[in-house]
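2 protein chains.
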Amino acid sequence: MNIILLSGGSGKRLWPLSNDIRSKQFIKMFKNANGEEESMVQRVYRQITEVDPSANVTIATGKKQVSTIKNQLGDKVNVCVEPDRRDTFPAICLAAAYLHDEKGVSADEAVVVCPVDPYVENSYFEALKELSDLAAAGGANLSLMGIEPTYPSEKYGYIIPENADKVSPVNTFKEKPDVATAEAYIAQGALWNGGVFAFKLGYLLNKAHELLDFENYYDLFKHYGEQKKISFDYAVVEQESAIQVLRYRGEWKDLGSWNTFTEAMDTEAIGKVTMDTTCVNTHVVNELDIPILCMGCKDMVVAAGVDGILIADKEQSSYIKPFVDAIEQPVMYAEKSWGSFTVLDVQQESMTIRVTLLPGHKLYYHSHEHRDEVWTIVSGQGRTIVDGMEQVVRPGDVVTMAAGCKHTVIADTELQIIEVQLGKDIDVNDKQKFEL
Amino acid sequence: MNIILLSGGSGKRLWPLSNDIRSKQFIKMFKNANGEEESMVQRVYRQITEVDPSANVTIATGKKQVSTIKNQLGDKVNVCVEPDRRDTFPAICLAAAYLHDEKGVSADEAVVVCPVDPYVENSYFEALKELSDLAAAGGANLSLMGIEPTYPSEKYGYIIPENADKVSPVNTFKEKPDVATAEAYIAQGALWNGGVFAFKLGYLLNKAHELLDFENYYDLFKHYGEQKKISFDYAVVEQESAIQVLRYRGEWKDLGSWNTFTEAMDTEAIGKVTMDTTCVNTHVVNELDIPILCMGCKDMVVAAGVDGILIADKEQSSYIKPFVDAIEQPVMYAEKSWGSFTVLDVQQESMTIRVTLLPGHKLYYHSHEHRDEVWTIVSGQGRTIVDGMEQVVRPGDVVTMAAGCKHTVIADTELQIIEVQLGKDIDVNDKQKFEL
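Protein chains in written order, with numbering that gives the first Met the number 0: chain A, 0 to 435; chain B, 0 to 435.
Careful: at least some of the hints might be erroneous.
Copies of the same chain look alike in the list, so a pair counts if it works inside one copy or between any two.
[Said to hold, decoys possible] Each computed EDC-like pair below joins lysine to aspartate or glutamate, with the alpha-carbon atoms no more than 16 Å apart: (1) 271 - 324; (2) 271 - 327; (3) 173 - 429; (4) 320 - 275; (5) 297 - 314; (6) 252 - 265; (7) 297 - 239; (8) 361 - 218; (9) 252 - 147; (10) 335 - 86; (11) 128 - 86; (12) 62 - 327; (13) 11 - 324; (14) 221 - 81.
Hints in this document: simulated from the structure, not taken from any laboratory.
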């Protein structure tokens, strides 16, 4: 099966563990059968390969997520990077062109498009395989997944099928309704729209060429920012009459808020957490190094990370967004293609960070105009290049770089460096890159 | 007025903001009239001097608190340091001998002894002045403060006065009772024992020489560890018949638990804290650099510091002790006579700390057997001495010290240093001190 996973941003609804750089699908909130911590994207990838070991998995995403995806999944998946943010139709077209032109998937093969973060059982991915087979069989141009509703939700769109068969032509689509309307839809046999589509690759490429202006993947990538913002629903679903829906009955959750997120957690506490016996229905995710003690907490969610600490009544937590928008806090931790950094200390005229550089990786060769830097190697082995001079470095070695001096470091094994930045105007944008 | 403030440890009841090194009287939980944050000990000192600008204030305490007291009160108070932990009688005798032999207070002058942490109005300190005058007048050997009870508390001892006058001879003392007994005491006109005593200095010095073996302050200090552990109540109060009590009617709180502590807070939130409008009766003290967002918290206390994070129902928080005893967490922040240090990062074979050195102060001249160290000066000016070589240091300067090398640093202005420790066996006890 060819599957495109759409990996978008979850924004701030799961603050402080999700932010502009890290989305909820990367939070390690699960434990797999081996007791290892697992993120949503790792869980979904594992489930797909359990169901279809030869699945061809492509993650369509923005630039900011690439390094985290590589860190969590390695080279096991294709990553199709959107150079800009457009809407879902250009994103799916880019991934389709990528599969066709870069990965040699033929126009006749079926492709399934699915969100990266459904919280589901393996049967869901079995259903995706069926959907792929349906699309390949060509009974309709578009094949969707319809999830049997468990309650009259206002959060989802609805699909009204023509009949109650497992596979049925679609009669009509309905936008997110109020509860009473949802009840009426369900009485008519409506299904939740799970945001999953399957089609033959050629079908979508034709649509792409109709609506967008490009020749091939490379060309679309290059001119991606000039494409119109248009949703897949508007561009394709609403124009298409040959649509069928596959009925799926099984657990399916959208972990978009702390409330639903905690319902899916395998344990009540992740990280250094103590809860007394009077805590009830309380979930804690602690990514900090210091312990959290909870006493008498009822129906609460606690999430602590380098960006901040949330302590909320579970129901109340769904109103988080405006509060987080109002909090101004610099990014204290980021994963990068070369490793990660953590801000340890910020003073008036200095900042101290810990840099972890993965084996074989290096920083850009760069300089800073307004700050000096001091590197102390604390573990691993590598080489520094400072103004053209290469030097082997080991734990205890110190490298000082005055403002203006060009420098980089190459990790031969995983390197950890304490970097002290010094200057009156320390700014993340004060960086000039050079060729080595 | 001569006043001795007894400053003991508050242990772990206010974890994570109190620990073995820092007691509750040093937590900055108040705001003074100028909007400056104020600790209990700063508040009490301010109140005493508002009532009696010429008060002679001596704080009797253990070694661990000296640097914090100096940091918070400077040289405005005398500090009488107990070289070991004995009980209250030797501690009060040591402070009495200190006043007599070191500060020239005559045997005929009155001295008031008071806990360092009552949460009270200024009228309380007016009453202490009256108590001092009563003691000086010599109507009894011991003058105590009796607080008019506001409810039948089980937490306090009771004083039964002979009559209802403002000053009355004491009929008898009662240990902490149960509620029913407390009600009966109160019906008889009983007062809470506030732990305040006043006496003529000579009276106490006589008692001291009767029961302890010493010649003068210096001698008592030197042989303090050999003195018997005996409480002031047992040694003095229970043997004395000439005791009077001064009745005090006013707010008086013992902030020994998070519940009472938060009742006394001037604001609901200290530090980077956001609370939504659905929070009710919730208090937050955040000493961390990252923001805390509280939503829908009811009757809760949240306290966050470098040692950990407490999130507790207020009532439940009184059962904190066994949970804190079970948490193993190294000290991440400590105030010292020379300044303070904060642990920024702990890795397998390295530890990074920020050291702040107060102007004019220096570290011991010392070496480490099992670790190398790298200092990066990030602010201030000073001098380092490494294996006898003195060097002026400024921001950006780096000093490397291999294991075995003797080193120190002297602050000419306030110095901030990032210290990276490197080695397989980093241990706070790996330190040899030398004469310079």
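Sort out which numbered hints this structure fails and list those numbers smallest first. 3, 7, 8, 10, 11, 12
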